[in-house]
Structures are given as C-alpha cells and as structure tokens.
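*Asks:* So you can see what is in the structure, the chains are spelled out below.
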Amino acid sequence: NAGVTQTPKFQVLKTGQSMTLQCAQDMNHEYMSWYRQDPGMGLRLIHYSVGAGITDQGEVPNGYNVSRSTTEDFPLRLLSAAPSQTSVYFCASSRIGGTDFHHNEQFFGPGTRLTVL
Amino acid sequence: QQQVKQSPQSLIVQKGGISIINCAYENTAFDYFPWYQQFPGKGPALLIAIRPDVSEKKEGRFTISFNKSAKQFSLHIMDSQPGDSATYFCAGIGGSEKLVFGKGMKLTVNP
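Chains as they are written, first to last, in my numbering: chain A, -3 to 113; chain B, 15 to 125.
One chain only, chain A, in its complex shape (with noise of 0.2 angstroms):
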C-alpha cells in the first residue's frame, strides 16, 4: 500500500493564481481531511470529508474547495492564491466507527509545501 499521497511536494504561485492540491489513498478510508501548518500555529483542519459526496467546512475553510467524487481522492482548490495561504498543507484518512477503545488512527500524507508570492 502506498498509504496517503500528496502531489505536487512542491509548488510557487503568484496572488491571484488558482491550483488544486492533490490527495489520494488506497487504504479504503472513509474519512479524509486537509490540514494547514504554519509556524507556532499547529495543525489546523481546513475541510474534511466522511465519504464521497459529503463534504464540511473545518476551522479555517475560507479561500479552499473541496469536493470527494470517489473514495480514493480528496482534491483541495484554492481559486484565487493569496500570500496568507502560504502553509504546509497536509492531507490525512482514516476509517470510520472506531471501537469502544479508541477513535481509528489518522495517516498523514507527506504534505505539500506551497509559497504564494
């Protein structure tokens, strides 16, 4: 299993520009979300998915789309880059329905650092 992915590792927009942020896994989790990690601030959920065709904003969802049309994939857009979205952006999955003991652990891919000039 390749696990979470994150394409591209890298990427530089210029204000204004638009990209979409690519996310997949093969795990055949239900649940996927996108993160933000700036510096001092933690990670904060920017949307999050618990099956396709749902989706729901998280804490910080303004300048971001979303949309889940298949399990495997959970594309994050932003439409109009600003330098305030500069970030590390990290996508994660899990299943769903966890047991009496403990909520089903959340895979992190290896994020995408993005720079808005």
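Please keep in mind that the hints were generated in silico from the structure rather than gathered at the bench. A hint or two may mislead.
[What the hints assert, rightly or not] No more than 25 angstroms apart at the CA atoms, straight line, and that leaves these computed lysine-lysine pairs for BS3-like:
#, chain 1, residue 1, chain 2, residue 2
1, B, K82, B, K112
2, B, K85, B, K29
3, B, K56, B, K120
4, B, K120, A, K5
5, B, K56, A, K5
6, B, K72, B, K82
Fit chain B to the known structure of chain A by using the hints.
*Replies:* Then chain B, alone, in the frame of chain A:
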C-alpha cells in the same frame, strides 16, 4: 478558541534525560487523546493515545499521564535519544473524527 493548549513550545534535553510535554484541553466532548510525532519534512504519525477513563498508558519509553478532573495530560519520554528529536503534537478527538491539535513542541535531544 484554542481547545488544546500545549507547553512548552520547545525543549532541549540531554541524551538519557526525561522529556515532558504538557497539554490541557477545554472541550469535555473529547473522548480520545492521541499524540503525534513529526520529523522534519514528513507528515505527522501517531505515537501513542489514551482514553480519559485511563490514568496512564505506557508504550516502551513513552508514557501518557491523564488527569481527567484537571483536564490535563502529559507525555513523558524516558531515556530520551537523539532519534526522538522531532515535533510533538497532542490532540483531542470527540464524536466525529475531527482532530483538534495543540500548537506543537519541538524537542531536541543532544548527544
């Protein structure tokens, strides 16, 4: 509103020493508290986790201590090694699968 507060922001210890990371949470709906470890240039990975009805959980050199009444929990790394140098995040998770992370702590273990 920061639901999970983590301290300190950074820590330097000598090889063989004990590293301690503290977290406090506000959301009483959290029912599971994982710790994630992140090496430079990599994504976070689950290290160890605990339920709030358990006061302590140990896996090798890593121990979580949990104080439900104080809404606090901590990670202890015994016999710290240079290979433990990483950023550590505590988190809380409730009825959904949404993880709420602390801001992270950068640990440096000197040889």
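*Asks:* Provide an ascending list of the numbers of those earlier hints which the structure does not satisfy.
*Replies:* 2
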